[in-house]
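Numbering-wise, the sequence shown is residues 1 to 401 according to the working numbering.
Just so you know, the hints here were simulated from the structure itself, not pulled from any lab data. Predicted model only: the values in this text are computed from it and were never measured. Keep in mind that a hint or two might mislead.
Claimed, not checked - Straight line, CA to CA, 30 Å or less: simulated DSS-like cross-link-like pairs of lysine-lysine:
1) Lys68 with Lys257
2) Lys124 with Lys288
3) Lys288 with Lys176
4) Lys124 with Lys69
5) Lys124 with Lys197
Claimed, not checked - For each label pair, taking beta carbons as the anchor points, the in silico distance ranges come out as:
6) Pro179 with Thr233: 13 to 23 Å
7) Lys124 with Asp287: 18 to 28 Å
8) Thr36 with Leu177: 39 to 49 Å
9) Gly231 with Leu177: 43 to 53 Å
Here a beta-carbon is modelled for each residue, glycine too, at the ideal position from N, C-alpha and C.
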Amino acid sequence: MPLALLALAIGAFGIGTTEFVIMGVLPQVAGDFGVTIPTAGWLVSGYALGVVIGAPLLTVLGTRVSRKKMLMFLMGLFIAGNALSAVAPDFGLMLTGRIVASLAHGAFFGIGSVVAANLVAPQKRASAISLMFMGLTVANIVGVPGGTYIGQVAGWRVTFVLVAALGVIGLLGVAKLVPETGRPESVSVRGEFAAFKNAQVWLAMAMTVLGYGGVFAAITYITPMMTTVTGYTEGAVTWLLVLFGVGMFLGNLLGGKFADRALMPMLFTALAALTATLLLFTVTAHDKVLAAITLSLIGALGFATVPPLQKWVLDQASAAPTLASAANIGAFNLGNALAAWLGGVVIAAGLGFTAPNWVGAILSGTALLLAFLAAHLDRRARGASRVVTGSATAEPAPATV
Numbered sequence: 001m002p003l004a005l006l007a008l009a010i011g012a013f014g015i016g017t018t019e020f021v022i023m024g025v026l027p028q029v030a031g032d033f034g035v036t037i038p039t040a041g042w043l044v045s046g047y048a049l050g051v052v053i054g055a056p057l058l059t060v061l062g063t064r065v066s067r068k069k070m071l072m073f074l075m076g077l078f079i080a081g082n083a084l085s086a087v088a089p090d091f092g093l094m095l096t097g098r099i100v101a102s103l104a105h106g107a108f109f110g111i112g113s114v115v116a117a118n119l120v121a122p123q124k125r126a127s128a129i130s131l132m133f134m135g136l137t138v139a140n141i142v143g144v145p146g147g148t149y150i151g152q153v154a155g156w157r158v159t160f161v162l163v164a165a166l167g168v169i170g171l172l173g174v175a176k177l178v179p180e181t182g183r184p185e186s187v188s189v190r191g192e193f194a195a196f197k198n199a200q201v202w203l204a205m206a207m208t209v210l211g212y213g214g215v216f217a218a219i220t221y222i223t224p225m226m227t228t229v230t231g232y233t234e235g236a237v238t239w240l241l242v243l244f245g246v247g248m249f250l251g252n253l254l255g256g257k258f259a260d261r262a263l264m265p266m267l268f269t270a271l272a273a274l275t276a277t278l279l280l281f282t283v284t285a286h287d288k289v290l291a292a293i294t295l296s297l298i299g300a301l302g303f304a305t306v307p308p309l310q311k312w313v314l315d316q317a318s319a320a321p322t323l324a325s326a327a328n329i330g331a332f333n334l335g336n337a338l339a340a341w342l343g344g345v346v347i348a349a350g351l352g353f354t355a356p357n358w359v360g361a362i363l364s365g366t367a368l369l370l371a372f373l374a375a376h377l378d379r380r381a382r383g384a385s386r387v388v389t390g391s392a393t394a395e396p397a398p399a400t401v
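Construct the complete structure from the given sequences, taking the supplied hints into account.
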């Protein structure tokens, strides 16, 4: 695999850290600003909505420059947002900083997915995408637990200072290792939007919203769930996040590997198992050992869906993949926002901190149904294509008298 994938993974590491570390320090942030936990959850939802908006907007603007320059600009935006979060004097500015940082997220992963896929042979594209996303999963093993621990010991502001420093390292990595390919000649805004005429692209994004949203429904409120329901101390949440990150890391690698072999069967399996595990979490959350095991499984199964979903979008929008790829990253975060909001709703309704788990199961189960629909439509389209091709190439029947 090309060394440039390492640079993309470094950028993904910084972005992944800032996306997920907020869950580990959510109670501290809420306490400092004097807001409730559900209100503090807007730091998750706001970030996710920023990704949804920033992904297509910045990707379209980026069609006029080279992909390397755009990736560098996005890392600069990421640094600025996290620096603002670190010094924010009130909740409103903290939320603003989160949104500024989030604008870089979708476009970075969207453009980065296209760059990663173009660096390797077609049969290795899902694996290449998974290697870029490895930075995101490693962030959940090292960056997020480390940031959570630092936030609990030295204060959450120090955590965001260090996250901004990670962005600087990511910027230098992109500048040094990603090759300069120039502006793609075939890219046009009209051509990029044309990809959305394909219903399969919309189906893929709907699967992304609901499937990964199922994970976030449970994970957004993992700290209060583990401390008030399971009985863990706040300090133990760091190690629980490590387990979640290890699951993500393994699921991402396996998802990329098996998606290159059989994409849709891999997606069916991951979504079905994720739905069952989220339902199970409403029970296992009451036991320390079982909760830890279930949490790692949610990470593995949730992230096993990422490479196949991203590759499915790239395949369906092969003529103009950049905007569709970025929009699908936005779809991941739209799912995050939806799930975080729904999780807050059921908690605020007095249903308890385990209620977001069954919300997540409903979301991922719906994504599974959409996956079956997408596969059915794809088989039907291929069958129709074979019929048309066969009719066009068949020899004419002999004339009869």
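How the hints compare with the structure:
This hinted pair checks out: lysine 68 and lysine 257 have alpha carbons roughly 26 Å apart, not beyond 30 Å. Our distance criterion of 30 Å between C-alpha atoms is broken by lysine 124 and lysine 288, whose separation comes to about 39 Å. With a C-alpha separation of about 45 Å, the suggested pairing of lysine 288 with lysine 176 is violated against the 30 Å cut-off. Between lysine 124 and lysine 69, the direct Cα distance comes to roughly 25 Å. Compliance with the 30 Å bound is thereby established for this hinted pair.
Between the alpha carbons of lysine 124 and lysine 197 the distance comes to roughly 27 Å, so the proposed pair stays at or under 30 Å and holds. The hinted window of 13 to 23 Å between proline 179 and threonine 233 is violated, with their beta carbons roughly 47 Å apart. Our hint of 18 to 28 Å for lysine 124 and aspartate 287 is violated, since their Cβ atoms are close to 41 Å apart. Against the hinted window of 39 to 49 Å, the Cβ-Cβ separation of threonine 36 and leucine 177 comes to about 44 Å, which satisfies the hint.
The hint said 43 to 53 Å for the Cβ distance between glycine 231 and leucine 177, and at roughly 45 Å that hint holds.
Comparing the model with each numbered hint stated earlier shows that hints 2, 3, 6, 7 do not hold.
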